[in-house]
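Colleague: Below, each chain spelled out in residue letters.
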Amino acid sequence: MRLQAAGVTLGYGERTVVENLDLGVHSGTVTTIIGPNGCGKSTLLRALGRLLKPQGGEVLLDGKRIDRMPTREVAKVLGVLPQAPTAPEGLTVADLVARGRHPHQTWYRQWSSDDEAAVGRALDMTGLADLAERPLDELSGGQRQRAWISMALAQGTDLLLLDEPTTFLDLAHQVEVLELVRQLHREASRTIVMVLHDLNLAARYADRLVAMREGQVVAAGDPHDVLTEDLLREVFDLDAKVIPDPVAGTPLVVPIGPRSRP
Amino acid sequence: MTATAVAPRLHDLRRRRFLVLTGLLAALGLAVVLSITIGAKSVPLPDAWRALTDPTGTENDIVIRSLRLPRTALGVLAGLALGVAGALMQGHTRNPLADPGLLGVTQGAAFAMVSSIILLGAQSLFAYIWFGLAGALLASVGVFALGMVGGRGGPTPVTLALAGTAVSAFLYGLTSAIVLLDEQAMDVFRFWQAGSIAARGADVVWQVLPFIVAGLVLAMANTPGLNALSLGEDVARGLGQNIALTRAVGVTAVTLLTGASVAACGALAFVGLLVPHLTRPLSGTDHRWLVPYSGLAGAALLLLADVIGRVVAPPGELEVGVVLALIGAPFFVALVRRRKPVRL
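From first to last, the protein sequence lines stand for chains G and H.
Just so we're aligned: the first sequence equals residues 1 to 262 in the numbering used here.
Just so we're aligned: the second sequence equals residues 1001 to 1344 in the numbering used here.
Because the hints were derived from the structure by calculation, they are not lab data.
Quick reminder that beta carbons are idealized off the backbone N, C-alpha and C, glycines included.
Just to be clear, a hint being listed does not mean it is correct.
As the list claims (entries may be wrong) - Label-pair ranges, simulated between beta-carbon atoms: (1) V1217(H) / Q83(G): 34 to 40 Å; (2) I243(G) / R1337(H): 27 to 33 Å; (3) K1041(H) / S113(G): 25 to 31 Å; (4) S113(G) / A1334(H): 58 to 64 Å; (5) Q83(G) / T1022(H): 41 to 47 Å; (6) R259(G) / A1221(H): 53 to 59 Å; (7) A1221(H) / V254(G): 53 to 59 Å; (8) R72(G) / R1337(H): 57 to 63 Å; (9) S113(G) / F1332(H): 38 to 44 Å; (10) T1022(H) / W111(G): 15 to 21 Å; (11) W111(G) / E1059(H): 48 to 54 Å; (12) E58(G) / A1177(H): 40 to 46 Å; (13) F1332(H) / H197(G): 42 to 48 Å.
Turn these sequences into a full structure, and let the hints steer you where they fit.
Modeller: Put into C-alpha cells, the structure is as follows:
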C-alpha cells in the first residue's frame, strides 16, 4: 500500500465534507475517483496530497503519517497537481517545468545537472520540448495542461495525484492528456490517483475505480465491477444503460435520464 | 529539441542574466560617482578620489567626506532596501500595485517619531530614527496579528493588506492630531514626510545598516519560496514549500527593509512600487533575479533622483522624495500604459 487514508474526517471550518473514510492506493496502479459534484472527491485528493489537514484520522505514505514527515521529503516522492492551477503571466513552459525541481534545490545549490536532465526528460515525455520557450498563456488548453503535468514529472516522484486534469478541455485534448497519464504509468510504473468527471474515460483509463457519494466510498474495484447500472442509480441518481465500450471493452455509460421515482 | 538541447538554452539564459546584473551594477556605480561629485559645490573626479583616499582637510575633502559620502551611502542602502521590499511585497500579494508601505510601516514610523517629540522631548535626528524604527516594527507586528484574526492557517495577503490599510489610516489620524497641536513635531514631520537623504550623517548610516543587511539576507532566502508561491498555494505546498514560514520570512524582510528606510529617509515607499515594474521585463517571473535586480535599480534610481534634486533648483535643493514623485509618477503611468497590464 503506497498511500492510505485511515478513518479520515475532512472539512473546511465547521463544514464536514468527508467523514471517517478509508481508502488504500496500491503501488503501480491508476486509481480514479468518481462521484457527483460536491461528494468530497477533490477534498479527499487534497488530503491524500497533504494539502488539507484531516480533522480526524490519518493519511499514511508508505506506512508513515504524512503530516509528521518533512513536507520537502514528501515532495520528493509525491507530486500533486491541483485543479485548474494558474501561473504568473509570461512564465515560459521551461521555467514552469524547472520549478518542479523546487524540492530538490537548496539555498546553496539552486541548479544541478540532475535538475537539467529531469527537466529535459519531462519536456520530452510530454512532447513539449519544441514549445519550451513559449509563454504558458500562448498555449492551447491541452498543451497548458501537459505543461503542468510536465512540471509534476520534473519533480521526479513515482506517485502522482491529479485533480481533474481534463477540466475545461475538449474531448480530443482530454484523450490526449489521459493517454499521457497511461504512458507515465506504463513506462515507469508510476502510481497515479486522479479525480475525473467523465465516467467513460474514467472506466477506460483506470485500473481501479472508486465511487464516492456524500463523503463516503460507495464502491471500489475493477471498473467492470464498479460501473454498473445499479451503482449509477445509487451514486449519481442516474438511470442509464451500461454496455461494453466497442473500442476498449470497458464499461460504457449511456444515460437514459434522471433517476425515476420507484 | 531533445533533452540535451535544453541545456544550452539554460546556459544562454543564465549568461544574459549575469549581463543584466553587470549592467545594473554599472548603472549604480555611475550613480554613486555622480552623487559624490555633483551638488551645490561640484567636485572634479580626481579631487573626489583624493578626498576619499588621501584627505588633507581641504574644503572639498570636508564636503565629500562628511556630507556626500554618508548621503550617498544612505541613498544606496535605502534604494536597495525599498527596491527589494517592493519586489517582495508585489510577489507575496500577487498585486502589481502593492508598495512596501502596505503593512502600515510608514505610518507606524511617522507616529512613533512625532510621539517621541511631544512625549519624551526627543531632540536629535538620531533619536527620532530609533523611535521611527521601533514604530515601524510595532505597526507591522500589529498588522500581522490583526491579519491573523479570524483567518484559517495564518494571514493571507488580502487580510494583511486590509489590516495594513486600517492600521495606516488610524495611525495617520493620530499623527495628524499631534502635529496640529505641536509646532516642533510639525516641523520634523513635514521634512520627514517629503523624504530626503540629505544631512543625515554617518551615524545614521551605521544605525540602519544592520537592519537593512538582515532584511536583504532574509529577502534573498525568501526568493525560491516566492517562486513556488507564485504558482498558487496548493502547488507550492505540493512542491514541499512551507507556506506560513515563507510568508513570515517575507513579511519580516519587508518590515526590516522598509522600516529602516522610512525611519531614516522619510516616506519614500513609492520607489518600491515603481522599481519592480522597471526590472520585471529584464528578469521575467523569476524572483531569484527580480529581487536583486530591483534592489540595484532602486539604489541607482534613488541616487539619480537625489542628484537631480540638488541641481534643479539652485541655490536650494529639492528633496529626493519630491523629485521621485514628480518624475516617477508620469513615468509610472507611461510604463503601465505601454505594456499590457502585468498579472503576477
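Colleague: Each of the hints needs a verdict: does it hold here or not?
Modeller: Consistency of the hints with the structure:
1. V1217(H) / Q83(G): 34 to 40 Å: Distance hint for V1217(H), Q83(G) holds at roughly 37 Å.
2. I243(G) / R1337(H): 27 to 33 Å: Between I243(G) and R1337(H), where Cβ atoms are some 60 Å apart, the hint is violated.
3. K1041(H) / S113(G): 25 to 31 Å: 56 Å, violated
4. S113(G) / A1334(H): 58 to 64 Å: Violated, since S113(G) and A1334(H) (Cβ atoms, about 44 Å apart) do not stay within the stated range.
5. Q83(G) / T1022(H): 41 to 47 Å: 43 Å, holds
6. R259(G) / A1221(H): 53 to 59 Å: Distance hint for R259(G), A1221(H) holds at roughly 57 Å.
7. A1221(H) / V254(G): 53 to 59 Å: 57 Å, holds
8. R72(G) / R1337(H): 57 to 63 Å: 42 Å, violated
9. S113(G) / F1332(H): 38 to 44 Å: Distance hint for S113(G), F1332(H) holds at roughly 42 Å.
10. T1022(H) / W111(G): 15 to 21 Å: About 20 Å separates the Cβ atoms of T1022(H) and W111(G), which means 15 to 21 Å holds.
11. W111(G) / E1059(H): 48 to 54 Å: With a Cβ separation near 53 Å, W111(G) and E1059(H) satisfy 48 to 54 Å, so the hint holds.
12. E58(G) / A1177(H): 40 to 46 Å: Violated, since E58(G) and A1177(H) (Cβ atoms, about 55 Å apart) do not stay within the stated range.
13. F1332(H) / H197(G): 42 to 48 Å: Given range 42 to 48 Å: holds, Cβ gap about 45 Å.
When held up to the earlier numbered hints, the structure conflicts with 2, 3, 4, 8, 12 and fits the remainder.
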